[in-house]
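Just so you know, the sequences run in chain order A, B and C. Under the working numbering, the first residue of the first sequence is numbered 134, with each subsequent residue one higher. Under the working numbering, the first residue of the second sequence is numbered 901, with each subsequent residue one higher. Under the working numbering, the first residue of the third sequence is numbered 27, with each subsequent residue one higher.
Keep in mind that the hints are not guaranteed to be accurate.
To be verified - Covered stretches of chain A (in silico footprint by chain B; criterion: 3 or more residues with CB under 8 Å from a CB of chain B, positions within the stretch not fixed):
1. 148-162
2. 281-293
Said to hold, decoys possible - To be clear about the criterion: a stretch of chain A counts as covered by chain B if any three or more of its residues have a C-beta under 8 Å from a C-beta of chain B, and this derived list gives those stretches:
3. 254-261
4. 416-422
As the list claims (entries may be wrong) - With a straight-line cut-off of 20 Å between C-alpha atoms, the simulated SDA-like cross-links for lysine to any residue are:
5. 997/B <-> 422/A
6. 318/C <-> 90/C
7. 151/C <-> 358/C
8. 329/C <-> 61/C
9. 255/C <-> 991/B
10. 373/C <-> 438/C
11. 997/B <-> 941/B
12. 362/C <-> 106/C
13. 997/B <-> 427/A
14. 989/B <-> 421/A
15. 151/C <-> 288/A
16. 373/C <-> 422/C
17. 997/B <-> 421/A
18. 997/B <-> 1079/B
19. 997/B <-> 240/A
20. 997/B <-> 282/A
21. 362/C <-> 95/C
22. 997/B <-> 239/A
23. 989/B <-> 425/A
Please keep in mind that the hints were generated in silico from the structure rather than gathered at the bench. Note that this is a predicted model, so its numbers are computed, not measured. Backbone N, C-alpha and C define an ideal beta-carbon position, used for all residues, glycine too.
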Amino acid sequence: MFGFSRAQSIAFIVMLVLIVVSPYVLYPVFLMRVLCAALFACAFNLMIGYVGLLSFGHAAFFGMGSYVAAWTMKVWHVDASIAILFGAATGAVLGFFLGYLAIRRSGIYFAMITLALAQMVYFFCLEAPFTGGEDGIQQVPRGHLFGFIDLTNDMTMYWVVAAVFIGGFLLVHRIIHSPFGQVLKGIRENEPRATSLGYRTDDYKLIAFVLSCMIAGAAGGTKALVFGIATLTDVHYSTSGEIVLTTLLGGLGTVFGPAMGALVVTSMENYLAQFGAWVTVTQGVIFMVCVLAFRRGIIGEIGAYLKISL
Amino acid sequence: MIMIFGIPGPLLFGQLLLGLINGAFYAMLSLGLAVIFGMLNIINFAHGALFMMGAFASWMLLNYCGIGYFPALILAPLLIGAFGIVLEKTVISRLYKLDHLYGLLLTFGLALVIEGLFRNAYGSSGLPYRIPEILTGAMNLGFMYMPIYRGWVVLAALVVCISTWAIIEKTSLGATLRAATENAPMVQAFGVNVPRLITLTYGGGVALAAFAGVLAAPIYSVNPNMGDNFINTVFAVVVIGGMGSIMGSIITGFGLGVIEGLTKVFYPQGSATVVFVVMVIVLLTRPRGLFGKAA
Amino acid sequence: MILSRRSALATAAAASTLPLIRPALISPARAQTPTIKIGVLNDQSGPYTNTGGATSVVCAKQALEDFGVSTKGMNVEVISADHQNKPDLAVSIARQWFDRDGVDMLLDVPTSSVALALQSVVREKNKVYLNSGAASSALTGAQCSPNFIHWTYDTYMLAKSTGGAMVKAGGDKWYFLTADYAFGKQLQADTSALVNASGGKVLGAAQYPFPGTTDFSSFLVQAQSSGAKVLGLANAGGDTVNSIKQAHEFGLTSTMQIAALLMFITDVHALGLDVAGGLNLTESFYWDLNEKTRAFTKRVLPKTPKNYPNMDHAGCYSATLHYLKTVADMGVAEAKKDGVATVNRMKAMPVEDDCFGQSKIREDGRNLVTSYLFKVKTPAESKGPWDYYNLVATTPGDEAYRPLADGHCPIVKV
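This is chain A alone, in the form it adopts within the complex (with noise of 0.2 Å):
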């Protein structure tokens, strides 16, 4: 089923019965915090895991997805499910621009390139009067979904969000195990070799990263609609680094890593927001400790212990 394997499925399933089970022990805002990190995180892991190119300023297409969205909703009074789209469609269109000028270089040079034209987006994004700066675009309401379900109420939000989460991360599985998706390894393993049986590598990327910011988009958007604002903060450049830590930790380049990334990270902020500037100080931690001997992240690590693919 949908090129599972049978332990992912398994995994798969377990996702499901957690997704609908939580909202009932735990508080659904959160819950919803989690899921669009987790679909942030699995946008971003698909140009990082699967495409080899670490793209440093992801935010950029969140943040934006999130504005356009909150601006859509508040000022033209659209269908949720519209705005989420106008979200998901920002994070297309930005994704081509960004990435036909990145996708050039590979390697570090991409993610310094991916870094500094998300400044740009940020800069942007604090002068551009529809934004309101600062302020950010506030007081965004919920509105309704295809017309007639109201989300002003907490856990029907959540079913959506959820509903969401799930079709981003099979889209993603989908890409992944197509025949698009296999040339894409191909890239990874040996761009010369692909390049010489023909295949124009770069469009590949570039196709696989406009992708990748779609779903980012997507994931800003729902973000906007459930709290209700957009600001700065889903356009920095530490939103970016984030991010990249949520798959790190969670598992580069697997099926349930990003999940479980945005699942531990959430929880980590949730939980040392009192201790002030220690949040940052252990995502710091975290980051070199995953890196020097944490690499294959959470799932990845689960993953090789058990001898199977997660």
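Starting from the known structure of chain A, arrange chains B and C on it as the hints suggest.
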């Protein structure tokens, strides 16, 4: 008053000079980054944090040990450089065998840790550090008032940048360094202790950042976020100049400072973005950077 | 067999993260004496740490002590969190506080963008919001709310006091250095209006990118060449400190006067008197102003020895004290149930405490405290630690703020 493009002459020349001063910081910082990247192939994201530590070191030397600015110019880089060497030996050297990306991630985490710790200890509002007596005051140059301290900054930066460039490009030590980056086993076969060389190079790059920090302390208040504000712009500078090119970083650093200064005159709101716009243009026309070696 | 062991391990791995999530668990309701919970939400690690931060919490707790909470048999708890100047984080914390932790009153909240973002959340949950730290006058204007009181100061009061006084003293030509976001622009707008109304003229403004600008030299050079007599700083915190330092460096102070439109005593401390001396600023509280403020400071200082209280901190004390008086008057259960009713009662009762003396809260939520124009002492004039201010002028509460009609606050019946 001369008017150029509708802007009073004093204002224009003033801004150009100020841009040069900003450029001095960009140049020094990107120089350190370029040295570390060129020699070690590590993107030192912690560079901003180490710059900040240099400023803090000079503040601490003054407030805890009574040591003033000029000794601090030498002591702080030595201290922070030593810290850099410790970092390299314990943490960074483990990365050489890995994909370069991990270097970026590790130093990013390192930057978070350093900045977080300093923020916890010293808060964010900034600590005062006075300009040394002998450098206070301003000169009336006719077309602008130039604070003597700022002129000193440009001078010191130029001296340091040119000396570093000279050491790397013109001395035998520099030649050995450059050879070691290209073919470490070969150089080691010649009896050169390559790992130690690399450690010292990292320490040197860090010391450069710390030196910039000491220079910056009297101008900006010494606060844990001061590195943040520079690091992103400096990255763009390095990309524009061409990663690994020493002279490229120096020229680009000063050049971008001037461009930024001019933008402040004609369109202040864009002054933060102009560096990135230049970067985009360079990327479109000459992807390896203005002075970069082909990828 | 093997698979089920693997899946069991996988589930165990997932479950092992639950301890991390414990704080997010919904705890079952407990029946006991109702507790009044006060949540202090401010910046505890960023540029406004000393302006608000831990000292605000200390002052809020001092109010509990001075009110005699234990002797009156009330259960009151004070918690705090760091909003890191991020509106989305603040909204998230506030929601959690209201939904799960039973917080009744939100206190302090500096940073105008954050303060504005919380208005709708508090209104939705019908709680009480007493803001001491933020500046924007829009909070009692277009964005006012029946659940909200703006306690300590605002952009209009700063503009009128510092701006108006400086124009009167001969500073009729102004040039602004403005942080290019809502707060800076509001402050520039309010001050420009006042300067123009007082017969002065605004020659220009340099709006710089916020946050992130640490070097103001080029903007200061522009100011210098404009020929203005006064440099108006429409910024706060680290920006203000930096701009003043650099203005000194460029010899601006010999030809121009500096109006630090928003500055706290904690910023003066950070700058040092040799640089800050001679500056004009407005606060509504100074620890050394009179016997009562000195007494208050003496009580609080042992708990915050390195950071003397500024008007933000004093506002937290005063607001908490008045809130407690109101709750005692209404009854705890009533107060917890209805935030609007509590705020209305607070507006009905006159305010009096050691920090601000007497004041009155207006319909739009504006607390009309007296504003004082201070001049910072030179190092020679200062006789002891934190002896920083000379009082120059006093504006009584009913004159210091924007007239009610001009605010266009929707809840005010015109």
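Hints, verified against the model:
Counting residues of the segment 148-162 of chain A whose beta-carbon sits less than 8 Å from any beta-carbon of chain B gives 0, not enough to reach three: the coverage restraint is violated. By the rule of at least three residues with a Cβ nearer than 8 Å to a Cβ of chain B, the coverage given for the segment 281-293 of chain A is violated, with 0 such residues. For the segment 254-261 of chain A, the proposed coverage by chain B is satisfied: 4 residues have a C-beta within less than 8 Å of a C-beta in that chain, meeting the threshold of three. For the segment 416-422 of chain A, the stated coverage by chain B is satisfied: 6 residues place a CB nearer than 8 Å to a CB of that chain, which reaches the threshold of 3.
Pair hint residue 997/B plus residue 422/A holds up; C-alpha atoms about 17 Å apart against a cutoff of 20 Å. This hinted pair checks out: residue 318/C and residue 90/C have alpha carbons roughly 18 Å apart, not beyond 20 Å. Using a Cα cut-off of 20 Å, the hinted pair residue 151/C and residue 358/C holds, with the two alpha carbons roughly 17 Å apart. Restraint check for residue 329/C and residue 61/C: not satisfied, since their Cα atoms lie roughly 24 Å apart, outside the 20 Å limit.
Our distance criterion of 20 Å between C-alpha atoms is broken by residue 255/C and residue 991/B, whose separation comes to about 55 Å. Between the alpha carbons of residue 373/C and residue 438/C the distance comes to roughly 13 Å, so the proposed pair stays at or under 20 Å and holds. This hinted pair checks out: residue 997/B and residue 941/B have alpha carbons roughly 11 Å apart, not beyond 20 Å. Using a Cα cut-off of 20 Å, the hinted pair residue 362/C and residue 106/C holds, with the two alpha carbons roughly 19 Å apart.
Of the pairs offered as hints, the one joining residue 997/B and residue 427/A holds, with about 15 Å between alpha carbons and a cut-off of 20 Å not exceeded. This hinted pair checks out: residue 989/B and residue 421/A have alpha carbons roughly 15 Å apart, not beyond 20 Å. Simply put, residue 151/C and residue 288/A have alpha-carbon atoms about 17 Å apart, close enough for the 20 Å limit, and the pair holds. For the proposed pair residue 373/C and residue 422/C, the alpha carbon gap of about 18 Å is at most 20 Å, so the pair holds.
Distance check on the hinted pair: residue 997/B and residue 421/A sit about 16 Å apart at the alpha-carbon level, within 20 Å; holds. For the given pair, residue 997/B sits about 18 Å from residue 1079/B by alpha-carbon distance, which is consistent with the 20 Å threshold. The straight-line distance between the Cα atoms of residue 997/B and residue 240/A is roughly 15 Å, inside the 20 Å bound, and the hint therefore holds. Distance check on the hinted pair: residue 997/B and residue 282/A sit about 54 Å apart at the alpha-carbon level, beyond 20 Å; violated.
Restraint check for residue 362/C and residue 95/C: the C-alpha separation of about 16 Å stays at or below 20 Å, so the hint holds. Proximity of residue 997/B to residue 239/A is assessed by CA-CA distance (about 18 Å); at most 20 Å being required, the pair is judged to hold. With a CA separation close to 13 Å, the supplied pair residue 989/B and residue 425/A stays within the 20 Å bound.
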